[in-house]
Amino acid sequence: MFIKNTWYVAAWAHEITEAAPFSRTLLGKPVVMWRNADGSITALPDRCPHRGAPLSQGRIEQGQLRCMYHGMLFNSDGACTHIPGQSRMPPGADLQRFPVVERNKWVWIWMGDPELADPSLIPDTFWLDSPDWRYRPDYMHYQVNYLLISDNLLDFSHLAFVHEKTLGGSAAYAEVRSEIDKLPNGLHIERWHMDSTPAPFVTNLVGWTHNVDRWNIYDFVMPGILLMDSGSARAGTGARQGNRSEAVEFRSAQALTPETEHSSHYFFSQAHNFSLDDASVTDNLHAGLLAGFKEDWEMLHAQARVLDLDPDFKMMPLGVDTALGYFRALVNKNLAAERKLSAAA
Amino acid sequence: MFIKNTWYVAAWAHEITEAAPFSRTLLGKPVVMWRNADGSITALPDRCPHRGAPLSQGRIEQGQLRCMYHGMLFNSDGACTHIPGQSRMPPGADLQRFPVVERNKWVWIWMGDPELADPSLIPDTFWLDSPDWRYRPDYMHYQVNYLLISDNLLDFSHLAFVHEKTLGGSAAYAEVRSEIDKLPNGLHIERWHMDSTPAPFVTNLVGWTHNVDRWNIYDFVMPGILLMDSGSARAGTGARQGNRSEAVEFRSAQALTPETEHSSHYFFSQAHNFSLDDASVTDNLHAGLLAGFKEDWEMLHAQARVLDLDPDFKMMPLGVDTALGYFRALVNKNLAAERKLSAAA
Amino acid sequence: MFIKNTWYVAAWAHEITEAAPFSRTLLGKPVVMWRNADGSITALPDRCPHRGAPLSQGRIEQGQLRCMYHGMLFNSDGACTHIPGQSRMPPGADLQRFPVVERNKWVWIWMGDPELADPSLIPDTFWLDSPDWRYRPDYMHYQVNYLLISDNLLDFSHLAFVHEKTLGGSAAYAEVRSEIDKLPNGLHIERWHMDSTPAPFVTNLVGWTHNVDRWNIYDFVMPGILLMDSGSARAGTGARQGNRSEAVEFRSAQALTPETEHSSHYFFSQAHNFSLDDASVTDNLHAGLLAGFKEDWEMLHAQARVLDLDPDFKMMPLGVDTALGYFRALVNKNLAAERKLSAAA
Chain A
1 MFIKNTWYVA
11 AWAHEITEAA
21 PFSRTLLGKP
31 VVMWRNADGS
41 ITALPDRCPH
51 RGAPLSQGRI
61 EQGQLRCMYH
71 GMLFNSDGAC
81 THIPGQSRMP
91 PGADLQRFPV
101 VERNKWVWIW
111 MGDPELADPS
121 LIPDTFWLDS
131 PDWRYRPDYM
141 HYQVNYLLIS
151 DNLLDFSHLA
161 FVHEKTLGGS
171 AAYAEVRSEI
181 DKLPNGLHIE
191 RWHMDSTPAP
201 FVTNLVGWTH
211 NVDRWNIYDF
221 VMPGILLMDS
231 GSARAGTGAR
241 QGNRSEAVEF
251 RSAQALTPET
261 EHSSHYFFSQ
271 AHNFSLDDAS
281 VTDNLHAGLL
291 AGFKEDWEML
301 HAQARVLDLD
311 PDFKMMPLGV
321 DTALGYFRAL
331 VNKNLAAERK
341 LSAAA
Chain B
1 MFIKNTWYVA
11 AWAHEITEAA
21 PFSRTLLGKP
31 VVMWRNADGS
41 ITALPDRCPH
51 RGAPLSQGRI
61 EQGQLRCMYH
71 GMLFNSDGAC
81 THIPGQSRMP
91 PGADLQRFPV
101 VERNKWVWIW
111 MGDPELADPS
121 LIPDTFWLDS
131 PDWRYRPDYM
141 HYQVNYLLIS
151 DNLLDFSHLA
161 FVHEKTLGGS
171 AAYAEVRSEI
181 DKLPNGLHIE
191 RWHMDSTPAP
201 FVTNLVGWTH
211 NVDRWNIYDF
221 VMPGILLMDS
231 GSARAGTGAR
241 QGNRSEAVEF
251 RSAQALTPET
261 EHSSHYFFSQ
271 AHNFSLDDAS
281 VTDNLHAGLL
291 AGFKEDWEML
301 HAQARVLDLD
311 PDFKMMPLGV
321 DTALGYFRAL
331 VNKNLAAERK
341 LSAAA
Chain C
1 MFIKNTWYVA
11 AWAHEITEAA
21 PFSRTLLGKP
31 VVMWRNADGS
41 ITALPDRCPH
51 RGAPLSQGRI
61 EQGQLRCMYH
71 GMLFNSDGAC
81 THIPGQSRMP
91 PGADLQRFPV
101 VERNKWVWIW
111 MGDPELADPS
121 LIPDTFWLDS
131 PDWRYRPDYM
141 HYQVNYLLIS
151 DNLLDFSHLA
161 FVHEKTLGGS
171 AAYAEVRSEI
181 DKLPNGLHIE
191 RWHMDSTPAP
201 FVTNLVGWTH
211 NVDRWNIYDF
221 VMPGILLMDS
231 GSARAGTGAR
241 QGNRSEAVEF
251 RSAQALTPET
261 EHSSHYFFSQ
271 AHNFSLDDAS
281 VTDNLHAGLL
291 AGFKEDWEML
301 HAQARVLDLD
311 PDFKMMPLGV
321 DTALGYFRAL
331 VNKNLAAERK
341 LSAAA
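Residue numbers (UniProt numbering), protein chains in the order written: chain A, 1 to 345; chain B, 1 to 345; chain C, 1 to 345.
Hints were generated in silico from the structure; no laboratory data involved.
Treat the hints with care, since some could be wrong.
A pair counts as met if it fits within one copy or between any two copies, since identical chains are not told apart.
[To be verified] List of simulated lysine to any residue pairs, SDA-like, C-alpha gap at most 20 Å:
no. : residue 1 : residue 2
1   : 182       : 229
2   : 165       : 243
3   : 314       : 93
4   : 29        : 94
5   : 340       : 298
6   : 4         : 310
7   : 333       : 176
8   : 314       : 147
9   : 294       : 204
10  : 165       : 60
11  : 29        : 301
12  : 340       : 18
13  : 105       : 121
14  : 294       : 96
15  : 29        : 309
16  : 314       : 97
17  : 340       : 76
18  : 29        : 314
19  : 294       : 278
20  : 4         : 118
21  : 4         : 210
22  : 165       : 180
23  : 182       : 89
24  : 4         : 319
25  : 165       : 175
26  : 314       : 128
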């Protein structure tokens, strides 16, 4: 069960081209995407209505997509325009195009009721397409349900343990309390760790060994989007009061999209706004992020293997689980609302 | 659910020897086969009645098969002739031998009621054992239900797309209408493509670039046997009227046998009746066929992955589906008849 | 379904260290083990009560185990001693320690009611820790239910077939009748093969080609422990009457522990009491054993694949199955008693 009436990230913009169809399974449904001559993106079910062949095995012919099993041709609106060997278009030959919005390098898709697909609901990720920020876009595939990943992202106390030698650092980081505010569609979380040792990736990046005031300030919103302002400043220079003149700042955009009940897509990036002309800084920052995210990957797959052994296991809420508990409740509330809506329809 | 009272191809004749037992799972049942001194073939369940060990892990001892777990010995009729450590033969120790007929290099097996196993029901594949034809026997394993493969073989319009660069060629091939006649146990299909570019494999084989009149004339019969006369003649030389003096002719024998609900055996060959002394022609023809069959293999596995995502998906019949629709109905009719028969028994 | 109130082998002693936690899934439950400063072993569920992360991904901190997901800390009794970010210990934070006994190089664990964990029930394997015997400890992982392996160990007639060229030898070995005595928790089996060719591994080990009197005398007890005195003596020198002066003697300890319903742990060893200073004898004996055990592994996995094809298949008891039939009945009796006990509770 997935929430349908919400915007999901389907791809990085550069993944979708005019040359060849691109396939990704989203919310259990195969989706094929390609770019039209006007730059817009078409997303259709990646399943020929005829016999279920994946259209992504097909080819683009002058902006239309040809199924390469028996040759049905679909235009950029999903309408079937040719069936070899017959002139009549039978009912059911057209495919329904998914609403898609490309914004700031992410391709957003709406898998629910197209009537409700309001682009103004898409979260702002301006730094993904700004000359003031640099980053390397990336992607990981998880063989776990996406909620295990959102749990992970909603409690940064794990940085002190999972990421001790990468993104985290001192165990004291785990003792810090976050401030958590509810948003209509998620949470706002602020976590300050004052006068702490710098995270290993910061030391790697800018050479700092002196203590820092360190922050992670982020929104985590439906269906699983993390938008974060983070950074570190020389301890005591007033970063918390707004002075970032002695700070390194980052902007992170991370998006979870379920592939199936047991697998997930994870789109991520971490941007910097200094040394913009030095590609090695971008690379170094990305390498540090990736090292940490591989640690998450290992931990979450290990966790999933344990959970699979006993479906009756009940997790035990701790103080650190306030945010993720709230988010899971929000997910369930949305799922219940959609069930009610579809039962009424 | 598989049709049982019909002849299935179990193996190529050369696969079954006197030296060692050969195992293949057919219709969900493991079967062990070996060749007797008189040249006949014994086929038994590949499962020792004692503890279920596969007899095919055993060895042939003077024409009998020894289970190499605890030593039960079975003769060529399936009768148990020795149990180590005991002299009494308990009821249930004998195995039931499956009717087998070796004909024209194929080993046919009857998995249903032995009383009904009439060898005259076996389709004629004379060219598999004729000095007038040459071919290389081959086999592929599919991880899909056999009906997806029979669908594929019952609609050659896919040649224009799946096999554009191998067995097919021009997209116009897909616009041709087949003539379809119902047979009591299958279909007879005739497909003529007049004045067309030659298929790539024909150009490869005999160097033709001129246009051809091209035919595929075949029976497709229960349980999944394709018997085809195909070829190409210089366009306008009257092949359709019977003059094949300027033609290259082929005979194809292809057989599907379910392994399980989700996997299938595919035995195939394509024979030629010219340049019989030139092995490179046989090899070239086979290589072209295999290139095409690998394209089918890719497409059908991709199709099966899409179908697996949504068991509720209903295929949409097109004009090209007449033959396969009829064949699937015939399969269902046979299955229903066998269910009725076994309910009555 | 597994018997819980019995001692299982969880590990070889050398597998459990102070340095790092060790994980093994036993009876479907992940278990983490480590060695304490006093040499004792702690075994806990390998699942953090918080969110189910495997504790074995964690680290030992001064004798306590830290979960490296969010930092919960557990002492050697399983009590939670620290939760980052909160001072209150919520109910349910403690883990229940499994009773563990280390004896003669094997680590025994009790997965059932701790009140019933009586160390005196542990079978005697003195030769695993005696200066009079030498062996190499070993382990194999099986992807089959443990009962298929205990079936195998309860009927040595298979040596003549599965192990013809390793542990077995002449087919006549399979004709020998074992003497079987029931024990309260298993069976006592005696098998003598008089005046037989020696087993290939014995010829390899000591060069004998003359005939021997050969014995396998063993207890096979709950839950799946084989304790064997075996050997060969020059034929006619009175070994059966107690004279082992012209014999080579072995002691074998083998233990089965279910991992899941479909996989098993197999701990094994074969010790010798001669040429104690010659490590090549120990290695040679072990290599011979391992060659045979790989043959079992192949046969049992092949058997499991056949059994998986048809869950309705019923095995056919033969004379050789007396012991394994009795043992399976004993297993079922124990399972029924535990079900009754747990229903009453």
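Worksheet item: Should residue 105 paired with residue 121 be assigned to within, between, both, or neither, using CA atoms and 20 Å as the limit?
Response: within (16 Å within a copy, 64 Å between copies)
Worksheet item: Between the shortest in-copy and the shortest cross-copy C-alpha distance, which are at most 20 Å for residue 314 and residue 147: within, between, both, or neither?
Response: within (15 Å within a copy, 31 Å between copies)
Worksheet item: Should residue 4 paired with residue 319 be assigned to within, between, both, or neither, using CA atoms and 20 Å as the limit?
Response: Neither, since 31 Å and 35 Å both go past 20 Å.
Worksheet item: Is it within, between, both, or neither for residue 294 and residue 278, if the alpha carbons may be no more than 20 Å apart?
Response: neither (25 Å within a copy, 48 Å between copies)
Worksheet item: Should residue 4 paired with residue 118 be assigned to within, between, both, or neither, using CA atoms and 20 Å as the limit?
Response: within (13 Å within a copy, 56 Å between copies)
Worksheet item: Taking 20 Å as the upper bound on the Cα-Cα distance, should residue 29 and residue 94 be classified as within, between, both, or neither?
Response: Within one copy only: 17 Å inside, 42 Å across.
Fill in: Homo-oligomer pair classification [residue 176, residue 333; C-alpha up to 20 Å]
For residue 333 and residue 176, the Cα distance exceeds 20 Å both inside one copy (29 Å) and across copies (55 Å).
Worksheet item: Using 20 Å as the alpha-carbon threshold, which applies to residue 29 and residue 309: within, between, both, or neither?
Response: between (27 Å within a copy, 7 Å between copies)
Practice prompt. Please work out whether the CA atoms of residue 294 and residue 96 approach to 20 Å or closer within one copy, between two copies, in both situations, or in neither?
Written response: Classified as neither; 37 Å inside a copy, 32 Å across copies.
Fill in: Within, between, both or neither, where residue 182 and residue 89 count as close if Cα-Cα is 20 Å or less
Classified as neither; 51 Å inside a copy, 26 Å across copies.
Item to complete: If the cutoff is 20 Å on CA atoms, where do residue 340 and residue 18 land: within, between, both or neither? Let me know, please.
Response: Answer is neither; intra-copy 40 Å and inter-copy 55 Å both fail.
Discussion item. For residue 294 and residue 204, with the copy left unspecified, which applies at a CA distance of at most 20 Å: within, between, both, or neither?
Written reply: within (18 Å within a copy, 50 Å between copies)
Checked against the numbered hints above, the structure violates hints 2, 5, 7, 12, 14, 17, 19, 21, 22, 23, 24 and 26; every other hint is satisfied.
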